[in-house]
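S.K.: Quick note on numbering: this note's numbering labels position 126 of the sequence shown as 112, and the sequence is numbered without any gaps.
Keep in mind the hints are simulated off the structure, nothing from the lab.
Incorrect hints may have been included.
Lysine to aspartate or glutamate pairs mimicking EDC-like chemistry, simulated, CA-CA at most 16 angstroms apart [claimed, not checked]:
#, residue 1, residue 2
1, Lys139, Glu49
2, Lys81, Glu152
3, Lys201, Glu171
4, Lys135, Glu96
5, Lys81, Glu127
6, Lys139, Glu171
7, Lys135, Glu179
8, Lys135, Glu227
9, Lys120, Glu130
10, Lys139, Glu214
11, Lys212, Asp183
12, Lys284, Glu152
13, Lys135, Asp229
14, Lys72, Glu49
15, Lys284, Glu188
16, Lys284, Glu127
17, Lys284, Glu179
18, Lys212, Asp229
19, Lys139, Asp229
20, Lys201, Glu188
21, Lys223, Glu127
22, Lys135, Glu214
23, Lys139, Asp149
24, Lys120, Asp229
25, Lys139, Glu152
26, Lys72, Asp25
27, Lys135, Glu211
28, Lys284, Glu130
29, Lys144, Glu43
30, Lys223, Asp149
31, Lys223, Glu241
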Amino acid sequence: MTITVAVVGCGRWGSVHLASLAEMKSSGQVDRVIACDVDEIALNNVIHADATYSSVEEMVGAEQPNLAIIATPNPTHYPLGMALLKNDLNLLIEKPFAPNPDAAATLIQEAINSGCTVSSGHLLRHHPGFQQAKHILLSGEIGETTQAKYIRKTVRSKPSWMDVVEGLASHGIDALGYFFPQQFEFSSPHVIEQGTDHLHLEIRPSLRTTSSLTKGCIEVAWGAEKEERTLQMIGTKGNVEVDFGQHQTISVNGEQRLLNNQTTPLIAQIQTALHRKEMSVELSQSLINTTMNVAMTKTALSLGK
């Protein structure tokens, strides 16, 4: 069977997907890569595709890819997702997955009704360092986790159309949900510092949690002096730190350990989406939870201004 993957939206991040797919094609994991974009200039700059299309209608009329990746501007994710699911395509939708929890639930239900799968572009769940850190937490090696801190700062300037929560903090929100599902209260974050291009939040544990967590922190910024990509978790018996700017090592109690799996998170994410057979309850719930947590954070920040 020929495995075909489509990328819809060939801008900065869509081009990164196309490069990863070219790598997967060279190793025999994918047979054919197709690209779609309404922007003629973007489409002409595509170098990693076997075929290109200037509209979704043209693409679905000529192709039946095993997976379509939506990497278009944020407001188009939901309508494009619904349209492609109605054409029986499995989807990987870049963040934001949906504009609100109801829309997320509608996408999931449409996938189930169509016999398809849909997942989101929160790729850090597929980072080998995150996955190994979660195994360490579950093993009890660092004891009961008391604090978690997510830091993502970039030297890149803020895109004019992107807000700091959707663009940067949403990965931290998803990360806290990945490690500590339903254990943080995102409806009332404590704002330490806030601006159009930066955000520093302290997230309190949910009143429902029975864990030893005392707080979670999310610190993100555009226009920083240097790149920072770390997730730190402190426990009663030690600590673990993931530098997610690389995927070779993880730090446990200050000691560097080689990661068991060193696949890039983007390729791992595509592999998972490509071979997913059905929508699981766990996947569906995580998609809705992250969408809801991002929405609650944005609402709380807007009310606090």
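S.K.: Could you check the structure against the hints above and give me the numbers of any it violates, in ascending order?
M.R.: Hints 1, 4, 5, 6, 16, 26, 27, 28, 29 and 30 are the ones this structure does not satisfy, whereas the remaining hints hold.
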